[in-house]
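*Asks:* Protein sequence lines correspond, in order, to chains A and B.
Its first residue numbered 0, the first sequence is counted upward by one per residue in numbering that gives the first Met the number 0.
Its first residue numbered 0, the second sequence is counted upward by one per residue in numbering that gives the first Met the number 0.
These are computed hints drawn from the structure, not numbers from a lab.
Only a predicted model underlies this, so the values are computations on that prediction, with no experimental measurement involved.
Here a beta-carbon is modelled for each residue, glycine too, at the ideal position from N, C-alpha and C.
One or more hints might be untrue.
[To be verified] Short, incomplete list of chain A residues facing chain B, as computed with Cβ under 7 Å:
1. M0
2. A1
3. V5
4. M37
5. Y42
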Amino acid sequence: MAEDVVAPLAGKVLSIAVAVGDAVEEDDEVLVLEAMKMETVVYAPSDGTVTALRVAVGDQVEEDDPLVTIGE
Amino acid sequence: MAFLDQLGVPAVTPGMVVMWAIGLTLIHLAVHRRYEPLLLLPIGFGILIANLPLTGLMTPGEGLIWRFYHYGVEWEVIPPLIFLGLGAHTDFGPLLSQPRLIFLGAAAQGGVYVAFFAAHAFGFSLEEAAAIGIIGGADGPTTIFLAAQLAPELLGACAVAAYSYMALVPIIQPPIMRLLTTERERAIRMKRARKVTVREKLLFPIVAAMGIVLLVPASAPLIAMFMLGNLFRESKVVERLTDTAQNALMNIVTIFLGLSVGATMDAATFLRADVLFIFALGLAAFAFGTAGGVLLAKLMNLFTKDKINPLVGAAGVSAVPMAARVAHQVGAEADRKNYLLMFAMGPNLAGVIGTVVAAGIFLTMLG
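With these hints in hand, go ahead and build the complete structure from the sequences.
*Replies:* The structure is reproduced here in C-alpha cells:
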C-alpha cells in the first residue's frame, strides 16, 4: 500500500535524501525542509520503497502537502 | 599649547578605555559569533565612537548622533517603524489557529513583573524598574521604546541586555525548560491546528489594533504600526509597501537605532555598579518568563483534552522566532518526529503583543 510522506510544517524543500526506487526504513531521513530559517528533517513513517517524489528542491510546501510516496 | 588642548589623546580616561573594550566585544560577537549582528555591530561601533573625547557627537542640540537619537528614539519614531517591519514579516496564522496558546504568551510576561518588583525592591525608582523589567520580554524595540520615555539614563544598558539575552535564547532557555518538564511531557505531540482562512488573517490586524489600543491606549504607537505592517502583508495588494517595510525601511532605521543606542553608553552613564545589576535582573526576568510559560502550559494540561507540549510555553517570551526554534529543538531531542515549530510560533507572537501591552501598562501607570 502506498503512503504519502506529508510536510509536518510549511517551508521550503532544502534537500531530498532519497530517489525513486530507493528502499527506506522507518525513521530514515527523507528530506530536509527549511522554515523560519531552521532546517527540519522529515523522516520516513514506515519501511518501503520510494515510488514517487512529489516535490523538488526549492519548492515551497504547505503543511500536509505530500512530499514523497512510499510503497511496499 | 591651544593645539594640544584640541587633541583627543590626552583627554582619554580609563573609563573610556573600558568602554572601547565593551564596544569591541560586541563587534566581535556580531562578526564572529553572529549574535544579533544587525544590531550589535552598530551598537558596538556607537559605543566606541561615543567614548572618544571631544567629538561632540552626543552634545545635545549639536551632535550628529545626538540628532539621530533625539529625533529617532526620544521622539519615538524608530521603534514603531521597526514594528511596522516586524508586522510586515509576521504570519499570525499559528496564533489564530490555536487561540488558547495566547495565554502562554501572557504568562511568559510574568518575568517582566517579577523583575519590576525586584528592581524596585533593590532601590531603583519605579520608572527605572519598569525599564529593567521589560528586558524580560526579550524584545529590543519595546525595551528601547519604554526606556527612552521612563529611564533614558538606563536606555543603553537595558537595550544591550535585551539584545544580548535575545541572542542567548538558545543557551539560557533549554536548561530551564528541561528542569521544569519530564521527558514524557517534552515528547507530547500536539493535535494538528485548524487551517486559518485568508479573511481571518486580513481581519486580524484591524480587529487586534482596535481591541488592544482600546484596552491599553499607551501601547498605540507600537501596536498601530505592527498591525499596519501586518495589514500590508495580508492585504496582498500593496506588495511594494510590504517589501519596503520589511526590508529597505527596516534596514535604514536599524542603522540609526543601533548607532544611537550604542552612543548613549558613555563611560560616565554605563560604568556604574547598578548597570551590572540591570543585567542580572534582566536575566532573572527572562528566566522567570520562560518558566511562567512552561508552567502555565502544564497547568492548562490538567484541564484540557488536547494536551499542550509545555515546551511551547517557553516561546511566550518574545524573541521571534528564536524562542520558537528553541522549543522545537528541545522537543526534537525527546522525539525527533515531533515538529513543534509552528505550535510554538503562537505563544511566540502572543509574547510580542504581550510585551508591548506590558510596556503600555507601565506607561499608563508611570508615564
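*Asks:* Would you mind marking each hint as holding or not holding in the structure?
*Replies:* Here is what the structure says about each hint:
Interface restraint check: M0 (chain A) against chain B, minimum CB-CB distance 20 Å, threshold 7 Å, status violated. The beta carbon of A1 (chain A) is not positioned within 7 Å of any beta carbon in chain B (closest approach about 20 Å), and the interface hint is therefore violated. Because the smallest distance between the Cβ of V5 (chain A) and any Cβ of chain B comes to about 10 Å, over 7 Å, the interface hint for this residue is violated. Because the closest C-beta pair between M37 (chain A) and chain B is about 5 Å apart, less than 7 Å, the hint holds.
With its C-beta approaching chain B no nearer than about 6 Å, Y42 (chain A) sits inside the 7 Å limit, and its interface hint holds.
Of the numbered hints listed earlier, those contradicted by the structure are 1, 2, 3.
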